[in-house]
Amino acid sequence: QVQLVQSGAEVKKPGASVKVSCKASGYTFTSYGVSWVRQAPGQGLEWMGWISPYGDNTKYAQNLQDRVTMTTDTSTSTAYMELRGLRSDDTAVYYCTRAHALPHYCNYYQWGQGTLVTVSS
Amino acid sequence: QSALTQPASVSGSPGQSITISCTGTNSDIGGYNYVSWYQQHPGKAPKLMISDVSNRPSGVSNRFSGSKSGNTASLTISGLQAEDEADYYCTSYASSGTLVVFGGGTKLTVL
Chain X
3 QVQLVQSGAE
13 VKKPGASVKV
23 SCKASGYTFT
33 SYGVSWVRQA
43 PGQGLEWMGW
53 ISPYGDNTKY
63 AQNLQDRVTM
73 TTDTSTSTAY
83 MELRGLRSDD
93 TAVYYCTRAH
103 ALPHYCNYYQ
113 WGQGTLVTVS
123 S
Chain Z
191 QSALTQPASV
201 SGSPGQSITI
211 SCTGTNSDIG
221 GYNYVSWYQQ
231 HPGKAPKLMI
241 SDVSNRPSGV
251 SNRFSGSKSG
261 NTASLTISGL
271 QAEDEADYYC
281 TSYASSGTLV
291 VFGGGTKLTV
301 L
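Protein chains in written order, with the working numbering: chain X, 3 to 123; chain Z, 191 to 301.
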């Protein structure tokens, strides 16, 4: 069955960077894109961006595009999301999702278990 | 402030029907049929309930249905059950600015 397994919780200081991984299994990794969605404590869902199946095309949310980088490693079927210049309001659960090969389809059938990133001095 | 507007909360009794609205603009909901709905229980990852305005993924109860009129999409849940109590989010493709936008979420309470 399709599974997305994310890396574990992180605690970071303001200004630091975090890199979250998302290992996929149960499907052909290069046939689907990956989108990242985050959720601050007690808040709603926020779309962060999308990366194409081979990692050669990315689309980022306007408010994050200067600080976020999404990549993939097709040899290990793993997607990565790096967020730099962390601030306290980046504290959130970060989810990876299996997305369409095209970015405009927002049908996310499978989700990772989520990774809690806490930014605190 | 979210790009798509949803009511903060709705409620209904078991067996009743409820509708959650999601209002956007001509640049998102009104311009494209790329609207999805997600259900999220506390502490869990979201679950896709409706895709492309009105399609139900395999395994989703036919008590859930989606529609769209102009710049507003709607999720209707009929025959409310206790297990439907959750947060619901709409999302849409957007042609300007950020590519995909979410609504602020609606908390459904089953009385």
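To be clear, the hints were calculated from the coordinates, so they are not data collected in a lab.
Since the model is a prediction, treat every value here as computed from it, not as a measurement.
Hints are supplied without guarantee of correctness; some may be wrong.
Said to hold, decoys possible - Coverage of chain Z stretches by chain X, computed from C-beta distances (three or more under 8 Å per stretch; other residues unrestricted):
#1 258 to 265
#2 278 to 288
Stated by the list, open to error - Derived lysine-lysine pairs resembling BS3-like cross-links, with alpha carbons at most 30 Å apart:
#3 Lys15/X <-> Lys258/Z
#4 Lys14/X <-> Lys258/Z
#5 Lys258/Z <-> Lys21/X
#6 Lys61/X <-> Lys15/X
#7 Lys297/Z <-> Lys237/Z
As the list claims (entries may be wrong) - One-sided and incomplete, this derived list gives chain Z residues near chain X with beta-carbon spacing under 7 Å:
#8 Pro232
#9 Phe292
#10 Thr299
For glycine and all other residues, C-beta sits at the position ideal for the given N, C-alpha and C.
Hints numbered earlier in the text: which of these fail when held up against the supplied structure? As far as the earlier hints go, 1, 3, 4, 5, 8, 10 are violated by this structure, in ascending order.
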